[in-house]
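Use these hints to put chain B onto chain A, whose structure you have.
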Amino acid sequence: MLRSELTGRLGVQGAVDDDTLLFSGGLLDSLSVLELVTLVERHVGKPIPPEEITLENFDTLSRIEKFVATLGKVP
Amino acid sequence: MTPFRKAMRALALRGHEGPYRRLCRPGGGEWADMLRERGDFRSLGADCYIDPWALIEGRKLIAIGSNVRIATAALFTHDGSVNMINRAFGLKLDSVGPIDIRDNVYIGYGVIVLPGVKIGPNAIVSAGSVVRSDVHEGDVVAGIPAKRVGRLDISTAILKAKNAKFPWRELIEKRAGEFDASIEDELTRLRAEYFYVKKGA
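Same order as they appear, the protein sequences are chains A and B. Residue numbering for the first sequence follows numbering that gives the first Met the number 0, starting at 0 and increasing by one per position. Residue numbering for the second sequence follows numbering that gives the first Met the number 0, starting at 0 and increasing by one per position.
Isolated chain A, as found in the complex (with noise of 0.2 angstroms):
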């Protein structure tokens, strides 16, 4: 569902895997930062503090995986 979402809403282009990086890589601009963390916040349910929006968190769409799951709920 998350990945659905990144490629709609975000409109990253092109294959997008597991390990794509998101930002270092150029795919999504500081722009979309607040977005993503926006659906992120949407599919758990609760603020993210921003000392955990980090690229280690939210690079890749594994790492989005990983994160959202310690926060308690996947996506």
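Treat each hint with caution, since some may be false.
As the list claims (entries may be wrong) - Here are the simulated BS3-like pairs of lysine-lysine, each with C-alpha atoms no more than 27 angstroms apart in a straight line:
(1) K65(A) <-> K159(B)
(2) K159(B) <-> K45(A)
(3) K146(B) <-> K45(A)
To be verified - Ranges between beta-carbon positions, derived for each pair:
(4) D16(A) <-> P166(B): 22 to 30 angstroms
(5) P46(A) <-> A126(B): 21 to 29 angstroms
(6) K146(B) <-> G7(A): 19 to 27 angstroms
Unchecked claim - Anything over 10 angstroms on all C-beta distances counts as not near chain A; from chain B, calculated:
(7) G38
(8) E136
(9) V148
(10) R150
(11) A163
(12) F178
Hints were generated in silico from the structure; no laboratory data involved. Using N, Cα and C, we set each Cβ at its ideal position, and we do this for glycine too.
Quick look at chain B alone, frame taken from chain A:
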């Protein structure tokens, strides 16, 4: 520094900054150095750039860290509406608050920073924003009022990805400092070609 520039700077240090600003057109680094020497602020760290045309009021209530860059922005420690209120209602009130700018902060063009705000460290305030509440460590904020729109580490990663594709990447890497007149024409040519001819944007 030429004798004329030294003389104008000396005048600015004594409070007459107009001729120095208008005739010598100092850059932001040179201007910040003068302000630091003059002791305008509560504190002003190293490696700062302050645009000579930034409007900064109530400087003794403003603390600025290191590597802070302020474009043509406005920083206020006093809310002037209190004078209207005082006259309207026969009061004698004060409306004031400090501004605390931590290390590694960029304040963009047209930003308005209101009294009582902490910014940073490691933050960017995007052009045109109005800052009326604290900007937290690592945040990139924008808007009126300014709200978080990103994080500095992610913005930096995006910038790195973009830079990797620029044909002038090596020129930038070899450049000493932030400006080199000897390569500026070539840089301009390569950038224009990339964005307008080869449709690299």
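Verification of the hints:
A distance of roughly 25 angstroms separates the Cα atoms of K65(A) and K159(B); the hinted pair therefore holds under the 27 angstroms criterion. Of the pairs offered as hints, the one joining K159(B) and K45(A) is violated, with about 31 angstroms between alpha carbons and a cut-off of 27 angstroms exceeded. As the CA atoms of K146(B) and K45(A) are separated by approximately 18 angstroms, the hinted pair is consistent with the 27 angstroms bound. Checked against the hint of 22 to 30 angstroms, the C-beta distance between D16(A) and P166(B) comes to roughly 29 angstroms, which is consistent with it.
Checked against the given bound of 21 to 29 angstroms, the beta carbons of P46(A) and A126(B), roughly 26 angstroms apart, stay inside it. Taking 19 to 27 angstroms as the suggested C-beta distance range, the pair K146(B) and G7(A) conforms, at roughly 25 angstroms. G38(B), annotated as away from the interface, keeps every beta carbon of chain A farther than 10 angstroms; the closest lies near 35 angstroms. Taking the minimum C-beta to C-beta distance to chain A, about 8 angstroms, the non-interface status of E136(B) is violated against the 10 angstroms cut.
For V148(B), the shortest C-beta to C-beta distance to chain A comes to about 5 angstroms, within the 10 angstroms cut-off, and the non-interface label is violated. At the 10 angstroms boundary, the C-beta of R150(B) falls inside the reach of chain A, the nearest C-beta of that chain being 5 angstroms off. For A163(B), the condition that its CB be more than 10 angstroms from all CB atoms of chain A is violated, with the nearest at approximately 8 angstroms. At roughly 25 angstroms from the closest C-beta of chain A, the C-beta of F178(B) stays outside 10 angstroms, upholding its exclusion from the interface.
Against the hints set out earlier in the document, violations occur for numbers 2, 8, 9, 10 and 11.
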